[in-house]
Structure formats: structure tokens, C-alpha cells
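From first to last, the protein sequence lines stand for chains A and B.
Quick note: the first sequence, position 398, residue 398 per the UniProt record's numbering, numbers continuous.
Quick note: the second sequence, position 100, residue 100 per the UniProt record's numbering, numbers continuous.
Some hints could be false.
Here are a few chain A residues that face chain B, going by a calculated C-beta distance under 8 Å [stated by the list, open to error]:
#1 F13
#2 E63
#3 T65
#4 S73
#5 Y76
#6 I87
The calculated PhoX-like cross-link candidates involving lysine-lysine, where the alpha carbons are at most 25 Å apart (straight line), are [unchecked claim]:
#7 A:K335 / A:K398
#8 A:K419 / A:K398
#9 A:K419 / A:K25
#10 B:K318 / A:K25
#11 A:K335 / A:K110
#12 A:K419 / B:K318
#13 A:K446 / B:K267
#14 A:K457 / A:K497
#15 A:K138 / B:K267
#16 A:K446 / A:K457
#17 B:K225 / A:K457
#18 A:K446 / A:K400
#19 A:K446 / A:K497
#20 A:K138 / A:K298
#21 A:K494 / A:K446
#22 B:K318 / B:K288
#23 A:K457 / A:K419
#24 B:K155 / B:K267
#25 A:K138 / A:K114
#26 B:K225 / A:K419
#27 A:K419 / B:K267
#28 B:K155 / A:K138
#29 B:K267 / A:K25
#30 A:K114 / A:K25
#31 B:K155 / B:K225
#32 A:K110 / A:K53
#33 A:K514 / A:K457
Calculated directly from the structure, the hints in this document are not laboratory data.
All C-beta atoms in this analysis are idealised placements derived from N, C-alpha and C, irrespective of residue type, glycine included.
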Amino acid sequence: MIAFAALLERLAFTPSRNTKIALLKNYFAETPDPDRGYALAAMAGALSFTAAKPAMLRALAMERTDPELFAWSYDYVGDLAETVALIWRGRAERPNSLPPGLAEVVEALKTTPKADLPELVAGWLDISDSSSRYAILKLITGSLRVGASARLAKTALAESGSVTPDEIEEVWHGLEPPYTPLFAWISGHAPRPDPKDAPVFRPPMLAQSLEGVDLTTFNPSDWRAEWKWDGIRAQLVKTLGGERVYTRTAEDIGHAFPDLLEILTDLDSHVVLDGELLVMQGDEPAPFADLQQRLNRKSPARTMLRDRPAGVRLYDILFEDGEDLRNLPFDARRKRLETWFARLSPPRMTLSELIPFENFSELAALRESARSEGIEGLMLKRADSPYVPGRPRGPWWKWKREPLTVDAVMMYAQRGHGKRSSFYSDYTFGLWREGENGRELVPIGKAYSGFTDEELKFLDRWVRAHTTARFGPVREVEQGLVLEIAFDAAQYSKRHKSGVALRFPRVARIRTDKPAAEADELDEFVRTFL
Amino acid sequence: MDWLAPEPEGLFCIPGGFYIDPLRPVACAVISHGHSDHARPGHRRVIATPETLAIMRLRMGDDRAGDVQQPLAYGEEITINGVTLRLAPAGHVAGSAQIVMDYEGQRAVVSGDYKRAPDPTCEPFQVVPCDLFVTEATFALPVFRHPDPAHEIAKLLHNLRLFPDRTHVVGCYALGKCQRLIALLRQSGYDRPVWLHGALISMCALYETFGIPLGELKQATVAEKAELRGGIVLAPPSAIADRWARRLADPVVCLASGWMQVRQRAKARGVELPLIISDHADWDALLKTCEETGASEVWVTHGREEALIHALGLRGIKGRALRLVGYEEEDETESETEADEVTA
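Construct the entire structure; sequences and hints are all you get.
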């Protein structure tokens, strides 16, 4: 537990991805089975214990602490598990005992009846130091926000052997904690685990951005075009072992989409499909915000399923009845997909249509005219491209619509993280409106990308020289700098005072040439984009 | 006890006519230690340990450290208007002292800031039995129990082994924490040069004249980025996450402070490697010390008074909050202005 607790502590405070990977690799190398497997499971969110509740922790701590002192402490620390971990007295009285091992804790939590938990947990806390206590408490309450995603942990694991993260993904969902066969394979002591019929995730093929690529060198007949739908990329899997809906980062989101799982269950075919998950309004995709509502729910209510039904636009077929189709060229897979679709015509699924075109200027015009909901731009795929996991450069391109832009005024700036922690790199910007006391700025969003290193230095200097107030890490600045903000879409939002929110806002240009008073008005913005 | 009173200027010894750590210039001040919220410039007469006087002269210049500077070594006694005054080690920083006053058969001890944990750079705290004990309460919550500093130093050195190319920059107070860190590093066998931000250099030199060896120290400000790779750089807390730190090679930002015990505090400071090293008494030490002095009454000057007074009450000791304003929580109040100005 000591090593795991130390790892959690370092991960929580470390902003850099590479550092996190190095810390994880070091941990996997120095920690034996099954502890390292349970640590991996904890980070991947594959452990959950339902019997231990925060109320139990509080009760345990209250038995041993004066209630007033506990209340003041909790008030100061702000986190229950952390307060209990710090306030608990244990190790000092038993300096020779070691904290329980990670595996011991996980296995005991799985099997101990609820009534026996308080005594068991108290015993662990008694023999642990404060950071081990924190790790134990976070583990049992299931709120282990470790600052490392499942994917990052798998990447570190892959790097400690000679496999790729994608290879791990392909076996991952067929394995259970503590993943001993996985570690054995990665360290070269055992063959690759065989997922057999498990509905495992297949790492998706992603496209590179077409920006800066010269289309005139492309031969139109080598290419296929599709709409790029504005939902989330999803993988639907149906095997002998079950059904799954995965995101493109291997997250199992089936619980949020029981309507899709049901369709997969009824499907008379074993397949792996690649498509865009959307919320449908009749035959048309609903705005992205509707999909977000669905994604936010762990299990959607019946009204939600009725009002925001999920659908999938199919792009590709990866497996059909046990046959791996990924090495086939795109055209051949497309044919298989169309045939399969025609045979089964599964409800809620549609084919993402191929767009016929003669030349790229025709496509470009089409791309700009298609401003409908649910279309982000175009996809270009080579007719002969096999389905290659990752983001290979060349076979697939995404050709997004030109972003929308608005001229906004910087209002607040905040320091960034990691390498940017000495720079004011996060900017809140606003638009003008008539307020009760005259013309005022109202914030519509926050941007922390889009600028070059040189521009960042300029912005940082500007913020420091034009600060009017400070609120902790945030500086309020003079209303004097216009930022041209690029964004993909605007939507109504209750979260912001202005009532609007932007998708993917970023700084397109710094408009030192434009007086702040001439930046855009909120009214005009709403009329144009909403 | 009616001959010691909190006044707007600070704690006042009525028969002795002197203030303890006064916040404004006064005729006669007894100074517990050299931190700037306790040792302020402009007093007419200053009584303090020779080390504290030297620190004051270094920080404010000879002329502002008191028109009359009266050194009083630990254990020496002087009498002012019937009040016998002596200073006892407080274990906080070099020269730090508790102020011991005897008057008409009663004894009051003002702790100043103190700690009970061992510190190679200063005399250990001495328990002085008394009737009234005036204590600080910076870390007076039961969540504050400082770990063994050797464990924290081991954490730093382990990380340095794991990331040998990164510069480890440790934020620390110029007076006390900085020299203690260096001494702790030396104790744990670290014998490479320690790099210093410009603002820390003169205080380290002064400590060496006190007979506290710190090993090889080098100036970080003039060094090449590559030279600092894999090194330990000490800097004021205000400099570690600001423009000054940009000169360092892929820095790991560390901060040595008792506040690092609480995750949110470390996160809010953008600290990558928090080191829980404090020069103040933790919760256990505060309670233990109050009990060991045998005082029937404890006054609490600054920090989290209510929790300490509540806990003392449970032990049958009468507590009183003085609510003296003007003493800072270590690391808490330094403003960003300072950070912007410290570019040296």
C-alpha cells in the first residue's frame, strides 16, 4: 500500500504526461503481482465496492475524534477521506506494523459483509501512515481521481514491455483484475492472452487534419468522401460473449445507451462496427448538446430515452462473424458493410452515405454550404486503405469546415498548468451588451490554445502589465485587448451568465489593431450563430 | 495574569515597559526571532539574541534594526523595572527565542514561533515551566501532524533519482527553512552543490558565521541552464512557479512547508512535489508543550486559536485567544506582487 499511496500522490500533483508515464513504469517494474494489477484496475476504473459509504468513514472517525475538532478540520481540508486520513491516529502507537497490501485490501473488500467492514477498515487505518490511509479510503469509496487515465496507465504498461497500447486494448476487455496474464505477456514470460469470444475493444483508425495539405496532388478517383458527423465516435461490438458500446478511447459507455445495447442483443450477427453516435430528431442528428445530456447520465431515465433517442451512423465494419476485415481495402469493407446492413437493416442505425464528387473544388463548395446541425465537415478516405489502428498520416483526412469566429475582449486570465504554470495562458473573454449601468462585457467562454509560443509570451506580458484585480490565481485585466476567437459551434447554455457557450474556442488572432470598444456585441452574436 | 496585556502595538509587559514582537515602532522591543512579521524595523531599543540581531541587521540594515541593540544570549538574565527577563531556545530558526519573564513570583513565557522537532540549524526548544504560557497556533488542527523531515527529504532524493535530468526547484523561506533543508540534505548524505536563488545567499552566509556548516553552495541565477540539470535549486516560494523558474531545465516544482499536508493547498500552489517540512509545532507538539509547561493559563496569539483553546479546555487548561493581528501564516500571504518583483 505504501508504494501505491506514493504513486497516487505523485500522479495527483504531476501535470506532465511523460512524467506520469515514467512514474507508472517505475511502479509496474518495482511492484509484484497481484498488487500492480490491482493498481492498474483502480486507475482504469475497473474496481468498485458498493458496501463502504462515506457515512461509514465519518462515523468511524467520529468515534475517535472530538466532534468539534473534526468539524473544524473537515471544514479546513474540504475532503472527507483526506480529513479522516490525516486525523486518524494509528501508526505512532504501532510503529512496527506495516500497512495492508493493496491486494489484501481489494480482496477483503470484495468478500467482507457490510456489517464487518467498519472493524476491518479501522484495523487497516490503525496500522497505516497518513498517505496509505488516504489511498485506502479513496479506494473503498471509489473516488480515486488519480490524475491518470486508463489509457495513460495502459500506455505506461505497454512501454514497460515491447507491445503497443493498442495491442493491450485488444485483449483488455477480456481480462479481469489483477491482470496477471497481461503482465506475464508484457514482461515476455507468457504468450499474448487470448480474449476468445469476449467483446473486446478494437483500437480505432483516426484521421489527420487536412490543414496545410496540398489537395492538387491528390487524384480524386483514389478517394472517397463522407460527412464528418458531429457526435462521438463509437464502436459497437457484438460477440458470443456479449455486447458493448465503446468510445474511441475504449471507455465502455453501454450503461448510458441501453437503447443501443438492446438492439445489439437482438442482432442476429456477430460484428464490430465503427460509427458516429448521435442523438436523433426524427431522421436528423440533434445538436451536440442533446448528446451531451445522454453522456452525462450514468443510466438514463425513460423520458430521456424517449426524447433523446440514440442512433448510429455507420462508417465501417471491422469484424463480421469472426472474420477480421481490417486488412481489406476501404472499398471492400464498404461493400461488406452495405451488404450486411441491407441483410439485417438494424433499427436506429443508418449508413453514413458516400458523397459522389468529380473534383475537390466541388467538394470544398459542398463542405462550406453544409451548415446543418450535426455536420462538422468532410472525411476523405483512400479507397484502398486498410483499417489501421491509430492515426496514420496519409490514408484518412478530416476536412473540417472553416471555424466560425468572433471578436471578443479579454476579461480575466489565469495561470496554466505544468510547463505553462508561470504563464497566464487561460483567457476568459466576453462580448458587449447593454447592462443596467450602461455598456458592459459579459463572458462567453474561455480559451487556452490556438496561439504560438511567441504570442503566449506577448499575452502573458500583456496580462501582467494590465492587471486591475487579483482573485487567487486569476487576474482581472483592463478591458483593452481584442482576441479573435475561433470556434466550431455556438449553443445556448444555462451555465454562463451570457446564456451562450462555444464549442472548442481557441485564440485565432490577437487583434491589437482593434479598439476594444469595437469588439462584437452579444445580441449580434446570438442573431448570427444561434 | 494582569501585568501582560495585548495592546494594538503587540503584547506589552506593563511593569517592564517593553513590547514583545511589536507590529509598530516602539521605545523598547523584545524580539523572538528574525522573521519579518515578528522583527520589524524602527524600534528605539531592541533586545534579542545575538543571532536575531545579526539577522535583523542583515535584513533591514544596521540603522533600522534598532537604535540601541542589546544582545541577550540564551539563559542570560537582565532585570527591567523589577521584571527579570531571559531568553530560552524556541527551536524555530537560528536565534529564535521564547521570552521568559518573572515578576512578583509569577512567570510568563511567550513562545514566539516554535517547533519541537529536531533541527540541525538551531538550538532545540526548551520547556520552561511557567504560570502563563503564550503560544502560537499556526498548525492548530488535528489534521496537522508533521512527518519525519528525513522521510520528506528521501522523497525529494528518490524523485531526483527517477528524473535525473530535471532541475528540482524547492520553494522555501529565506530564513530558517532554506538552511534547514540544506542541513537535512547534508545529513542524508547529499554532497553535491546546492544551488541558490539570489535572495537566499546572504542568509546562508550569515548562518555559516553562526557555525552552521552548509557545504558547497552555488548561485543559480548566474548558472547555465545545463549546469542546473539534475540539481537542487532553492528559491523563495514566490519565485518557484513564476518567471524566475523559466530559466530552469524542465523544473520539478517543490515546496517545503507544513501547509503541504493538505492536498488542496499544494494543488492551488501548482506544486508538483510537496514536501511537508515545517518550522512550527504541529498539533501534537502544541498540546504536549502547553501541558509540559504546567501553565494553568494559555494565551493563543496567532493561527487557529479556537481549535487549540477547545482542546486545552478538554484537558482542564484555561485558554484565551489574543487575536493579535499582523502575524502572517507562513507561505500564505506572500503576494504575487512580490513574485513579480523578485526577478533576481
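| query | Which hint numbers does the structure go against, in order from smallest to largest? | reply | 2, 8, 10, 11, 12, 14 and 30
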